[in-house]
Structure formats: structure tokens, C-alpha cells
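Visitor: Spelled out, the chains give:
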Amino acid sequence: MASNLDHRRKQKYSSIGSVAALLYIVSPAGIFLSAPYAESVFAFLSFLGLSFYIGGVLSYDQRSFVAAVRTVFAGAVFGQATVIRSNGILAGLLYAMDAFASCDQFIWGSFTVTQLLRLASIVCGGLLVGLGLFAPQFEAYIQYCSAIPPQETREWCRRLLPSIFTFVQSHYW
Amino acid sequence: MVQDIQTKLLRQWHPLFSLGVVFVIWKAILLLIAFTSPGPGYDTSTTLLNFSKAPSPPAVDSQQAPTLSKLVRWDAIYYTQIAQRGHLFEQEWAFGTGLSKNISWISRSEWHHFMLDRSLTSTSAVPKRFFYTVADRSYRSSSCPCRSFWLHDTDMGHGIKS
Numbered sequence: 001m002a003s004n005l006d007h008r009r010k011q012k013y014s015s016i017g018s019v020a021a022l023l024y025i026v027s028p029a030g031i032f033l034s035a036p037y038a039e040s041v042f043a044f045l046s047f048l049g050l051s052f053y054i055g056g057v058l059s060y061d062q063r064s065f066v067a068a069v070r071t072v073f074a075g076a077v078f079g080q081a082t083v084i085r086s087n088g089i090l091a092g093l094l095y096a097m098d099a100f101a102s103c104d105q106f107i108w109g110s111f112t113v114t115q116l117l118r119l120a121s122i123v124c125g126g127l128l129v130g131l132g133l134f135a136p137q138f139e140a141y142i143q144y145c146s147a148i149p150p151q152e153t154r155e156w157c158r159r160l161l162p163s164i165f166t167f168v169q170s171h172y173w
Numbered sequence: 001m002v003q004d005i006q007t008k009l010l011r012q013w014h015p016l017f018s019l020g021v022v023f024v025i026w027k028a029i030l031l032l033i034a035f036t037s038p039g040p041g042y043d044t045s046t047t048l049l050n051f052s053k054a055p056s057p058p059a060v061d062s063q064q065a066p067t068l069s070k071l072v073r074w075d076a077i078y079y080t081q082i083a084q085r086g087h088l089f090e091q092e093w094a095f096g097t098g099l100s101k102n103i104s105w106i107s108r109s110e111w112h113h114f115m116l117d118r119s120l121t122s123t124s125a126v127p128k129r130f131f132y133t134v135a136d137r138s139y140r141s142s143s144c145p146c147r148s149f150w151l152h153d154t155d156m157g158h159g160i161k162s
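Keeping their order, the protein sequence lines are chains A and B.
Each residue of the first sequence is one higher than the last, beginning at 1 in my numbering.
Each residue of the second sequence is one higher than the last, beginning at 1 in my numbering.
Bound-form chain A, shown alone:
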């Protein structure tokens, strides 16, 4: 499945997509991609999100509304991937870079509606990706830190950015 989507990302007669998909099939992760691990589901959703995102980039010139919908939908898919495995937040880098470029072009270049629509879709998609990282940690915060007197809570509750991910990774692993 991942290989199919990986190939869809690239142009039809280029061999880079086929080679990339082939390398992913025989990846060193091996059996972990067939066991109940998050890696395979995460990879599938990442590839799916990337194919929508690239569809959005490619169709921006002709059909800007469809491109905006694709970009936002890709953000939702990336957000779901981030809920499954928090590495997915790196897909937010795409949105961050694109947001800077689009903002730059909007302010100094054309003040058109399509440009504004593109910027809005990028920001929305990026926020959806960030939500995938933020929502599970918010859920953990509610479970561990709320409605409890401050001196009895866990030590990470009192930090400026109470993130359970960073605490658990450093404390237990």
C-alpha cells in the first residue's frame, strides 16, 4: 500500500518513485512493518498526506480551490499520522516553509484572492498537523494534572510547557 502511494507521488515515467518504493518495501524495518506497530500505519498515512499535498501544489495554478482543499485535507491526514506516531510533526515543516514563502509572496507580490486562499489553506493544514501533536498531550495533561492539588501532581505538570512526551522519553527511556 505504501509502495503504491509512493509511486503515485512521482511523475509517471520517472524511475525515482519506483526505486524509492522498492527501497521502502525491502526496508530494514522488515517484520516490524507486519506486526502491530505504529510504523506501517504511520508510513501509509504520511505517504497519503504527501500525495494529497503534492496534488495541491501541482493544481494550484489552474484550480486554486481544489488545491486549497487538498492542502487542508493533507494536513488532516498528517495530523492523524502524528496522533499515531509523534514523528509526524516533521511534516509540519513542509507547511511552515510553505507558509513563509506564501506569506512573502502575498505581502511583496500579488495581493490576489488565490494567494490569500493558498496562505489560509497552508495555515489551516499546519494547524491540523500541530493538533495531532497537541491533542494526545492535552488528554494526558487532563488525566494527570487537572483537579489535583499542585503539590501532589507529577513533576512535569508544573513545567512551563507540560509535555508528557518529553518527560516520559527522558525519564523512562
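Be aware that a few hints might be false.
[Unchecked claim] No farther apart than 25 angstroms at their CA atoms in a straight line, the calculated lysine to aspartate or glutamate pairs in the DMTMM-like style are these:
no.: 1; chain 1: B; residue 1: LYS27; chain 2: B; residue 2: ASP75
no.: 2; chain 1: B; residue 1: LYS70; chain 2: B; residue 2: GLU92
no.: 3; chain 1: B; residue 1: LYS101; chain 2: B; residue 2: ASP75
no.: 4; chain 1: B; residue 1: LYS27; chain 2: A; residue 2: GLU39
no.: 5; chain 1: B; residue 1: LYS101; chain 2: B; residue 2: GLU90
no.: 6; chain 1: B; residue 1: LYS70; chain 2: A; residue 2: GLU139
no.: 7; chain 1: B; residue 1: LYS27; chain 2: B; residue 2: ASP4
no.: 8; chain 1: B; residue 1: LYS101; chain 2: A; residue 2: ASP104
no.: 9; chain 1: B; residue 1: LYS101; chain 2: A; residue 2: GLU139
Hints were generated in silico from the structure; no laboratory data involved.
Values in this document were obtained by computation on a predicted structure and should not be read as measured data.
Assemble the complex: chain A is given as a structure, and chain B must be docked to it using the hints.
Guide: Only chain B this time, still in chain A's reference frame:
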């Protein structure tokens, strides 16, 4: 003949079909290695997994489905346990919530009950029993002190607050 297949793989067949063929062959090799490896494995934690807390129907545990349970090792144990009872310990929050929630949701759905009923009466039940082996979520025991909100358990609210 190998040369012939190789030529077809690279030149004649549609790339997606070639990738599909390579995928099937590679996965078959890996799963063959995994399923034919002897003994309980290097990580023997799978033998500790016990899904038999269900009142009904009879649950499957690692002794009854040893082949598929060979895939449940290392982190997969965490994921299946979390799907079964939600996040109980703090270190489990290092694992993303999405996969275990989806496993739990699919297993609680009517589709799963339908498949499970059919699997208990049919003879070729291996693919359907996989869902049941991975996490016995539909029939939670009432002694589970789960605090995860998304399980919608009647035991919600126990734990730190009480």
C-alpha cells in the same frame, strides 16, 4: 527463466504490478522466517499476555494462537495492552494514542462482532481471529481500574482522583 522474469519485472509490467510482486515475495520471506522460528522467542513477554479475563466468549491467548502471537513482541505488546485497557502506566504515553484507539474502536464495532460470530462457527477462522488475538477489548473485565476517558468505561473516574 529468472532472466526472463527479471526483464518482465523491470521493463514490461506496469510499475505498480512489479512493486506488488516484490512486496508479496518479500513479505512472504519475512513472515516465513518469523513463523518458523522455534521457541518462545528472544522476548518472552508474549507468553505473559493473558487475554482470558473475558466472561464470554472464550478468549484466545498466546498459547492458543502461537503463530500470530509471534508477531506480538517488544513494542507490539505495549500497543495491544493499551488497546485492551487504555493507558494505565505513565510510560505508555510515549506510544502514540492513535493506533491503539483504532484497534480498540474496530474491535468494539458491530462489524467486528459480526465477524467474530461468524468466525466461531466457521472452520477457516484464522484471518478473523487475528483481530481477536491482538486485543481482547470488547469484553473488559469490571475489575479493570482504567482511567482512560475514551474507553467510556463505567469504571471511569478511578485512579488518582479517588
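Visitor: Now tell me if each hint is right for this structure.
Guide: These are the hints, each one checked on the structure:
Restraint check for B:LYS27 and B:ASP75: the C-alpha separation of about 20 angstroms stays at or below 25 angstroms, so the hint holds. The straight-line distance between the Cα atoms of B:LYS70 and B:GLU92 is roughly 21 angstroms, inside the 25 angstroms bound, and the hint therefore holds. Simply put, B:LYS101 and B:ASP75 have alpha-carbon atoms about 15 angstroms apart, close enough for the 25 angstroms limit, and the pair holds. Distance restraint check for B:LYS27 and A:GLU39: the Cα-Cα separation of roughly 15 angstroms lies within the 25 angstroms cut-off, and the hinted pair is therefore satisfied.
For the suggested pair B:LYS101 and B:GLU90, the alpha carbons sit about 17 angstroms apart, so the restraint of at most 25 angstroms is met. Only pairs whose Cα atoms come within 25 angstroms are accepted, and B:LYS70 paired with A:GLU139 is rejected, the gap being roughly 32 angstroms. Of the pairs offered as hints, the one joining B:LYS27 and B:ASP4 holds, with about 22 angstroms between alpha carbons and a cut-off of 25 angstroms not exceeded. Proposed proximity of B:LYS101 and A:ASP104 is contradicted: the alpha carbons are some 40 angstroms apart, above 25 angstroms.
Restraint check for B:LYS101 and A:GLU139: the C-alpha separation of about 13 angstroms stays at or below 25 angstroms, so the hint holds.
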